[in-house]
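K.L.:
Given next are the chains, with one letter for each unit.
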Amino acid sequence: MNTAKDIEMNEFEPNIVAFLCNWCSYAGADLAGTSRMKYPPNVKVIRVMCSGRVNPMFVINALQQGADGVLVAGCHPGDCHYTQGNYFAKRRMAVLKKLLEYIGVEPERVHMAWVSAAEGQKFADVIKEVTEDVKKVGPMNHFRRRNRW
Amino acid sequence: MVNTDELRKTAKEIVEREDVKYVIGYEKGTYGCRISPSFAFSPEDADKFVFSPLCVQNLAVYPLLEEKLPLKRGEEEDMRKVGIVVKGCDSRAVAQIFQEKGLDREDVILIGVCCTGVIDLKKLATQFPEPLEGLEVTEENGNFVLTANGITKTIPKEELLLRTCIHCENPTPVVYDVLLGEEVAPSKEDYQKVKELEEKSLEEKWEYWEKKFERCIRCYACRNVCPLCYCKECMVDHLSPQWVRRSVNLSENAAWNIMRAFHLAGRCIGCGACEQACPVDIPLMEINKKLEKDMKELFDYEAATEEEKSLLTMFKPDDPGEFIL
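These protein sequence lines are chains A and B, in that order.
Under my numbering, the residues of the first sequence are numbered 1 to 149, in order.
Under my numbering, the residues of the second sequence are numbered 1 to 325, in order.
Bound conformation, chain B alone:
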């Protein structure tokens, strides 16, 4: 676990630097036990920073979401850096954005925090149905100790962890300028869920996904929280040509979900933010993980590594092509 004082101190030092615009971190939210993103423009703001297993958001979205207003005459663009508090998965997202040249390494300062996994708020809601004020979470021998309103509950970690965190391969950030906390031993992704579904027949697969896609309300929350969905204009917002119609029905929902996954092929870093944001509980990570697995098998490619280009912007002459007539 990361020491809060240490985090605040580091954040303060970074905000004070002349070449830094602001630092993005986590602060206590306004609803129940939720944590919200926090933007520290001054050292005083950094005093609000916290880090706990409740910090589920992927802060890597924010530098690319920032609105850049047109410059006034004679005004110069603010080229100062942005500090970000990154967990292991967030740092991979940043690394992938670097590789795609969405951001420059010089644009950001990364405060890496070693993460032992975050809590799935949906699972937490089943344990504590009412919003909890001032929930304290600590870890003890593989258990989460939750304290709220004077009641203490000890729950095994696996029961509360976000599904992607259970098999996290990068709990320690891969890129950072400052590293806080102690390095965490990585576990191995086994693609259990994906393999189970792969073995089913085509009819069963479609039956499974049909039910999921029918529920989709196309709020595009999955896209908005995704650190790698940073196109200036998303293909679903295009009106000419209108790739996906606005009507919410199975056909358009399926088209959207297939294309969303396709656009993340070889780019998804598996933070699970999309699944966490989905209001109708579509298991989006099951599609993303499937593609991640296939990209490893087909092209021996993994996102956010030292590769020079992203998967679909390059090719090798000996790519598998048995399917070609």
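Chain A on its own, in the form it takes in the complex:
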């Protein structure tokens, strides 16, 4: 079994979980795909109806279960399908990032982005940036679950 230390930093490929909102970011990711844009394959997408749906517990659980980084993406402010869901998400993630940093988890592991349905290129760029950031900080070993079901 490869433990984190066996893997050298430069070959480390992070696992990133992306929570994409159904109306903008998921469509943005779709556009990036149909336009055949290149972006790192490290990202696993979970579609949620709104970025406001993302419970901070989702983020913590993702980090527990093997994600090295988490991205939460939603519509641009003012464009939310549910009018204000992304504003709530923004507040929550701001608090969560502060808290994680205080506990000692690198703040680079949790990202948030606004990606609209027309921004395929931006989606690809965001994924690139997140992947690079998480690569830099290395594998998440703080409170990963050791026992698996």
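Hints were generated in silico from the structure; no laboratory data involved.
Using N, Cα and C, we set each Cβ at its ideal position, and we do this for glycine too.
Wrong hints could be hidden among the right ones.
With the C-beta cut set under 7 angstroms, the calculated list includes, among others, these residues of chain B facing chain A [claimed, not checked]:
| hint | residue |
| --- | --- |
| 1 | Pro-43 |
| 2 | Ser-251 |
| 3 | Met-259 |
| 4 | Lys-290 |
In the SDA-like style, the derived pairs of lysine to any residue whose C-alpha atoms are separated by at most 20 angstroms in a straight line are [to be verified]:
| hint | chain 1 | residue 1 | chain 2 | residue 2 |
| --- | --- | --- | --- | --- |
| 5 | B | Lys-200 | A | Glu-108 |
| 6 | B | Lys-21 | B | Asp-47 |
| 7 | A | Lys-98 | B | Pro-43 |
| 8 | B | Lys-48 | B | Glu-16 |
| 9 | B | Lys-211 | A | Glu-106 |
| 10 | B | Lys-81 | B | Leu-65 |
| 11 | B | Lys-205 | A | Gly-138 |
| 12 | B | Lys-157 | B | Lys-12 |
| 13 | A | Lys-97 | B | Lys-316 |
| 14 | A | Lys-97 | B | Lys-81 |
| 15 | A | Lys-97 | B | Phe-262 |
| 16 | B | Lys-12 | B | Arg-80 |
| 17 | B | Lys-309 | A | Glu-108 |
| 18 | B | Lys-28 | B | Pro-43 |
| 19 | B | Lys-205 | A | Pro-107 |
| 20 | B | Lys-293 | B | Thr-305 |
| 21 | A | Lys-122 | B | Glu-322 |
| 22 | A | Lys-98 | B | Glu-196 |
| 23 | B | Lys-232 | A | Gly-138 |
| 24 | A | Lys-98 | B | Lys-200 |
| 25 | A | Lys-98 | B | Ser-201 |
| 26 | B | Lys-193 | A | Gly-104 |
| 27 | B | Lys-101 | B | Met-314 |
| 28 | B | Lys-200 | A | Lys-122 |
| 29 | A | Lys-98 | B | Tyr-301 |
| 30 | B | Lys-157 | B | Ser-187 |
| 31 | B | Lys-309 | B | Phe-299 |
| 32 | A | Lys-97 | B | Lys-48 |
| 33 | B | Lys-157 | B | Glu-139 |
Could you slot chain B onto chain A? The hints should help.
P.N.:
Same frame as chain A, but now just chain B:
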């Protein structure tokens, strides 16, 4: 300090009222010098009431812990009020619950007592290792004078006070119906401990918290004593989805402690009951205070104030968002 006779008299007057179910206060406990919560259903019960720096419990938990049995046919719900003896911090907890509409202002009668700080029982145990029967505590020029078994000890207040009491910003209750005692001058919270930890590197921080979280036995005492953890079903008790597994290991402990703190973001009123209840001495207030400090900085928000809604149930379009890509 609050005059005991005055407290009893006030409590009696309130219990006697027709629209009052009972009054919650403090009485002498059954173990050592401990004080336990007391429920006065009749004026005679109120004769047991005491108030001293040993009254560490936050009584604001009780109105929301009360079990409401299903009503029998034809029976009407008991809508009478509950009286509570509140210290400064307890009154803030009640104010925060009002704001969240957990309780209605009409549901409770608050007997505010001006508090000069309570004793940390863990610190007391280092001074007096054996349980003390009939410990008398009085205050004199910033010292606690402890008398037990004929021995008198004078100890500077700072050495015995609960950590949150040293920098208490609200020693005088913020909401009350009756106020007892003389108003106490507030001191200023300086977030010393939080700042010290913030300056450390990420590795050092995690090393610090890892040691603390590893100790956690997940008894959930911190949740049960918290006046603001009053969800009918806590997220850790959920089985589907099971957010936090029952196994006691670092991963689940960390998840629990992070989420507990997160759920109190902008709501914690800093009474320190969680830390006091923790059997393994996890410095929970250090996390709570950190969030309190950040909420002030980020959103200019403070718990238990005149704000209409609690922090995470509202937003402002110009919330800080530099971290967003």
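K.L.:
Each of the hints needs a verdict: does it hold here or not?
P.N.:
The hints, checked one at a time:
no.	hint	in the structure
1	Pro-43	violated, 47 angstroms
2	Ser-251	holds, 5 angstroms
3	Met-259	holds, 6 angstroms
4	Lys-290	holds, 5 angstroms
5	B:Lys-200 x A:Glu-108	holds, 17 angstroms
6	B:Lys-21 x B:Asp-47	holds, 17 angstroms
7	A:Lys-98 x B:Pro-43	violated, 50 angstroms
8	B:Lys-48 x B:Glu-16	holds, 15 angstroms
9	B:Lys-211 x A:Glu-106	holds, 18 angstroms
10	B:Lys-81 x B:Leu-65	holds, 15 angstroms
11	B:Lys-205 x A:Gly-138	holds, 17 angstroms
12	B:Lys-157 x B:Lys-12	violated, 32 angstroms
13	A:Lys-97 x B:Lys-316	holds, 18 angstroms
14	A:Lys-97 x B:Lys-81	violated, 42 angstroms
15	A:Lys-97 x B:Phe-262	holds, 11 angstroms
16	B:Lys-12 x B:Arg-80	holds, 16 angstroms
17	B:Lys-309 x A:Glu-108	violated, 30 angstroms
18	B:Lys-28 x B:Pro-43	holds, 17 angstroms
19	B:Lys-205 x A:Pro-107	holds, 13 angstroms
20	B:Lys-293 x B:Thr-305	holds, 15 angstroms
21	A:Lys-122 x B:Glu-322	holds, 17 angstroms
22	A:Lys-98 x B:Glu-196	holds, 16 angstroms
23	B:Lys-232 x A:Gly-138	violated, 40 angstroms
24	A:Lys-98 x B:Lys-200	holds, 14 angstroms
25	A:Lys-98 x B:Ser-201	holds, 14 angstroms
26	B:Lys-193 x A:Gly-104	holds, 16 angstroms
27	B:Lys-101 x B:Met-314	holds, 15 angstroms
28	B:Lys-200 x A:Lys-122	violated, 35 angstroms
29	A:Lys-98 x B:Tyr-301	holds, 15 angstroms
30	B:Lys-157 x B:Ser-187	holds, 14 angstroms
31	B:Lys-309 x B:Phe-299	holds, 13 angstroms
32	A:Lys-97 x B:Lys-48	violated, 48 angstroms
33	B:Lys-157 x B:Glu-139	holds, 8 angstroms
The structure does not agree with the numbered hints 1, 7, 12, 14, 17, 23, 28 and 32 stated previously, though it agrees with the rest.
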